[in-house]
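S.K.: Model the placement of chain B on the given structure of chain A, informed by the hints.
Chains as they are written, first to last, in our numbering: chain A, 1 to 808; chain B, 1 to 430.
None of these hints come from the bench; they were simulated from the model. In this text, all values refer to a predicted model and were calculated from it rather than measured experimentally. Even glycine gets a Cβ: it sits at the ideal position worked out from N, Cα and C. Hints should not be assumed to be uniformly reliable.
Claimed, not checked - Derived, one-sided and incomplete: chain A residues facing chain B with beta-carbon distance under 8 angstroms: (1) Q228; (2) A327; (3) L332; (4) G797.
To be verified - Within a straight-line C-alpha distance of at most 30 angstroms, the following computed DSSO-like cross-link-like pairs (lysine-lysine) qualify: (5) B/K81 - A/K330; (6) A/K330 - B/K137; (7) B/K137 - B/K164; (8) B/K409 - A/K330; (9) B/K137 - B/K81.
What follows is each chain in one-letter form.
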Amino acid sequence: MNPRTPVITITSDDLDSELGSQDVSGILQSSRDIFTSTAGFNFGSARFRIRGYDSENTLVTINGVLVNDLETGWASWSTWGGLNDVTRYTQVRTGIGATRYNFGSIGGSSDINIRPGAIRKGLRVSYASANRAYNNRVMVSGSTGLLKNGWSFSFSGSRRWAEEGYVPGTSFNAYAYYLAAEHRINRKHTVSFAGFGAPLVQGRQGVAIQEAYDLSGTNYYNPNWGWQDGKKRNARMNFDHKPLMMVSHIYTPNDSVNWTTSLFYTFGRDGSSGLNWFDAKDPRPDYYRYLPSYNTVENPTLAAQQTSSWSSDPNVQQINWEQLYFANGKNLYTVSNADGVVGNTVTGNRSKYIVEEQRADPSRFGLNSVYSKILKGGQHLTVGGSFNHQKTHYFKVIDDLLGGDFWVDIDQFADRDFNDTIISQNDLSRPNKIVQKGDVFGWDYDINTRLINAFGQYEKKWRNVEAYVGAQLSQTSFWRVGHVRNGRFPDTSEGKGPTNDFFNIGIKAGGIYKITGRQFISANAAYLNRPPTSNNAFISARTRPNTIPGLQSETVMSGDIGYVVRYAKLKGRATFYYTKLTNQVWSRYYYNDEALTIVNYSMSGVDQINQGVELGVEANLTSTWQMTAVYAGGDYRYASRPKATITQNNSSEVFASERTVYWENYKVGGMPQTAASLGFRYNSPKFWFAGVNGNFFGNIYLDPNPDRRTAEAVGNYVDSDPQVAELLDQIQLDDNFTVDAFAGKSWMLKRKYRIAANISVSNILDNQDFKVGGFEQLRYDRTNVNKFPPKYSYLFGRNYFAMVTFSF
Amino acid sequence: MKSTKSLMNFRTLVYALAVATVLVACKKEFDTPPVRSIPVGDQLTVAELRALYTGTPKRFGGDSSVYAVVTADEQSGNLYKNVYVQDHTGAIIIRLLNSGGLYQGDSVRIYLPGTVLSAYRGMLQLDSVDADNNVVKQATQVYKAPRLVTLAQITPALQGELVKIEGVEFPVSEVGMTYADAVNQTTVNRTLTDCNTNVIVRNSGYANFAGDPLPSGNGSFIGVIGQFDTDMQLFIRDVSELQMFNVADRCDPLPVLCDPVATVSQNFATLVNNVDASIECWNNQPQVGTRYWRGTSVSGDLAAQATAFASSNATDITWLISPPVNYTPGMSLSFRSQRGFGVSGHDPFGLFVATNYDLTNLATANWTPLTSAYATPTTADQVWVPSGNVNIGDGLPAGYSGSFVIGFKYTGSGVNSQTTNFRIDDVLIQ
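Looking at chain B on its own, in the form it has when it is part of the complex:
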């Protein structure tokens, strides 16, 4: 009797095991649903589309489509929620509802219902385009060659077109600056010139080349044409398409550094109060923002001052750079410095030496910090602090021979109230 029972239990166990083996969790697979298609309707060329604009925004209904090729996309970050398309009759900017999904070379059909043809500050645009619901890709890598034009030929008639311009350069005043303000992610206008005509090159602070320095030579430029009121603009789609490296061919040659001198003695007496400093062979150059060192009168004595006070930039960095000096071992630097309207905790000053500065490479020169006494946040305002003798060799490679420049750097922020006035005077390099 007992053994039957245990046998029964054992049998139950075996059944249960069998059941357990069958009970394997299976995952539910979802089927691909039937996908709706976008109708074609009337076919328009880009020129026919542009011609439909009569001065008021036009919202499309009914079935109609435009076939075109994407000539500039968002990949470099210079364009955001914008792409440019073009066919054999013309070009237009497409304003997307959401970023992403369309790439250069995409041959697309844009289904117009839901989109709006309108003008923004003189630029005709196809607005409210949804990359999923309004666009059908026909093919990829159908690249349009840019149209070769001169700067003078860039007129409203070419709105949206992909163009190439040869024999152009960035002006001397901009060489050494970056394409845009990558630090503050602010859009900046630069100028493309052939020494007769200037056209704005508008660069986004979000572009992946925003922090790169502008090329210093003459050469070819590729971009798409935009317009803002009466200003014609160019937008870079890929910075590697700018082949502007030939410095010798510049129509406006770059200034060259003065020849190195043996010593420097500068008391800034030639500066004008509240006017940006301009001294022969010295360089006064902003790195970020728009502030320059200027003349300031301290109890009647003129000194050089930098400040971010009342600046609307998130960051202001500006340099005053000495003429090049031939290095001889044992050379020293002295100057005096002072603060005005000092902001607690704000130390704006930096002292540097560089051996490869050439006017165009402010951001990338081999600046090496030098240690000196100067007016720090713990120094009272309006008190001159002598630097003492600073050994310049400390910032140079051992056994260096050649020339160098001394850089006086100011860093502040008007937006964040880091606005101490900082002054220097009586610079002596010997």
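Just chain A, with the same shape it has in the complex:
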């Protein structure tokens, strides 16, 4: 599961607050839109993505400042998790449109307003109970409103926790804090400060192959944990805390001008732990050789024995921590010439197994300035620019030696491949480096990314038409700085690597034609090119500064046309969209069985077409009954034959270059391409409401493993060989249906205090067989595709979220 996948949470509460001051074009794209809110609220858990777009296609801004990670393009919503009282005023716009913060992107934008005015005056205390990632949440938020002296303050704090979440072995412990102050100096000048952070420690869920789910008897089997001292210990923990602080200056010389300038800085820790091991057997319980299927043919007796122990013995089914301590505690070992000192001999228990933490600690600052002016005759002009610099420090630290005395910092794969003790060293300045808990080892480098951009937008309204045009220029550079010299790439691994520069442009235009005051036609189009994200651009940043061959900007073309009705009793929208992404790059690494080492698989020239329709209808059947119907019919497919380069992590050896991947017309995987929802809601005049939704999801595919779709993979098989189809056919997951319900009531006490209770129950039918995602393993055996079957993840069964709020 990708922890960075954005989750759009929109409550009906939020929707109400957004009406009012917005113009028509805004409403058509905003979260007020029934399609967008249903997609966010009811489809999110099934990994539905609006128009099939990755997170990098939706820009997230805080007070107008872009916060998408510059290396991945993703917006990391966990950074401000637990601050729902603050982020509930997020303005969501989907698709291409006029935005007054930045140029936007094809997926739209979300702007989170965290200025003190963002929180309603007063105090709000809530407690929530749930059985999802966490079980409990407490939250306190408040705001002073504008005080007489021109100041206003607001704050929010929360804790979310679970000893064990919905999935066995997962845990959750998170806090969040937010503080903001604003001073209105005079009519023209306002300055504000806002800061927030959300320290999070989370035990993660892993995905497994179906055999493991079947043997353990649950589709929520989690291979990441094991018993230790009677407690469940998870090996894969996230440690996340990236505070952000921002100062803004708002200049309003008159009613028609707004010039906002913000400076922000963010830094912190982004760590995820996992097991590592050296010269020892694989400690992961679901390693393919420990599962019965590996031995069914050759050793049925052993397979039967494994079936029995795997399904019943927790020390086999899960990580056997005590065995790891046991092995480490008696692995006496002597390191000669330790730490690069000749004659320095260290003898002790060398850990065979450790828990290590891989870190990607970002630090970033940005300056953003946007000038917006209302001109005469229904015209509006926005211009702005920004400077962003992000440095992410990648390294590993020893988290736990698991009872051993030390770990030796050498690359285990290189150690096996070369008859040379220098090559395998991770740090040539200290060969045979002995590392202890807390020490940095493995790799240590920075990726720097710099983005400078400028944009402008012009809007004009006529009687029946609203239109806009916009353009953007940007310059992006990224480079690697290595902090250690490793034995595989002694010449290039240390120091500043070459800078990769990209100059990009974007243009967009669109408009709305009012057929009547109640019916509209809208159309939008955009063309932009953009740099490859640096996390895809490097072959193996862990070892060297080289980028993949054929690196160039990708091109995006997108357009949509829609029909909108807005009657008092019937609101609806129908939109057709078409997007083509060309020249994308794609990079992954995995353990290759044949080469017995980690390989990097990179593709350039990946094209993709996303097209489809969006329908959303909201009908007020009576003054109390409301019906919603939403349909998303997408067709997301690859549209080119990319060229792959396969390299070894450990050496400059190139396994293959210019390998053609026959990917055309394979479906983009990992999300339902079709989704539909039908809902009914009852709003009682006595301050309560209840509703139910039925949701359908279909056309869900696994993303194809590129290497299985090459001439090399099917080479030598005749076309009629069933193995060819096994290698090539794409896996489609089952269509599924879920039912959700929600209800709420509020009371006023003494006309001053408000108490509200809400509950929502998802997947009421407790459908536990809904595969929402998964992937084909990149590791594969072309003579036996089922040796490394796909891994799947399942939708949570019946789950709930209930909340009581007290506010005044």
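M.R.: Positioned in the frame of chain A, the structure of chain B alone reads:
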């Protein structure tokens, strides 16, 4: 009234701040659990352990242990899931359930319950040993000196022992070959000889020295003793322990290249149909696999042919090498070539010149490609293609003087159906 309220709000804010400061996520530390220990029980010597074998596999129960020292480990990749241990009474091979964790010089106690004493093709072994659950390390770097023996003394009585043999060499027929087939990762048997007795040296294709050439001289060898049925075998534990460099001391001297000639004219008329080519002063030598160039009769005319047809190797590379020729500027080469049963897209042929080839360095000589016309995949089968005059100087350093050889190289694969027959004839160097 109003100011009290804002004051109250401010106070709330301060409290909340204080709370927020206290709320710092702390990480749960896991304690080291008490670690179980392995009991000792009865103590056996290696000889006593070996004596327990009575012809059927024996699975150990009850408490008993053997103390020994690891003499050969998996580090070089030549042994996989095997290590050898030895004490003052004898030696035995340990078959591990999982690779890794035991190293040369480790003084270990092997706790026997769960392990199986058995024989595999004549080799007594302690099987199903778990490096974590059955082995306790007592000390490290307790290195055993190898026992000095002769090849004739390598008998089943010495199974598993670490030995050193002096005055041995690899036979002439193997010098120039690699230890194993690193390309196909296939295990290969080589021969260690003192010109009286031969013993197999068995090398894994996964060994980190698999692709290195065998040493060409006479000297000392260190390894451990294995057995396969009645064949005695030696396994190298670390290739740097082979000190076999003294070419002058060889009991069977290496052949030397013929003296360079002025010109070469060869029509292969002396070859025998379907018999590996053997021509005085020419060298016919496989680099990978087992295929040689052989005589073939093309409409009654004999030519030299190489093919991977019906070979079971993943790769076959074989060379036919001309006698050494004294270079004089302007020298040229001509020959004709032909394909048979040509496989579409398979181009097996390469033409090279080398100046430092010495019979033993096929894989590492300074082969430089020469360009000529020849029968390519687009040429019809059974059609002779004349090479034209190839300027040999193109493949030599400027101003070169000395001798050279011409190499005709065939590359194919029986396994992957790259099996074109390739023939050459009428080689003229002048």
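S.K.: So, for every hint listed, does it hold in this structure?
M.R.: Verification of the hints:
no.	hint	verdict
1	Q228	6 angstroms, holds
2	A327	4 angstroms, holds
3	L332	4 angstroms, holds
4	G797	28 angstroms, violated
5	B/K81 - A/K330	19 angstroms, holds
6	A/K330 - B/K137	6 angstroms, holds
7	B/K137 - B/K164	26 angstroms, holds
8	B/K409 - A/K330	54 angstroms, violated
9	B/K137 - B/K81	18 angstroms, holds
Violated hints, in rising order: 4, 8; the structure is consistent with all others.
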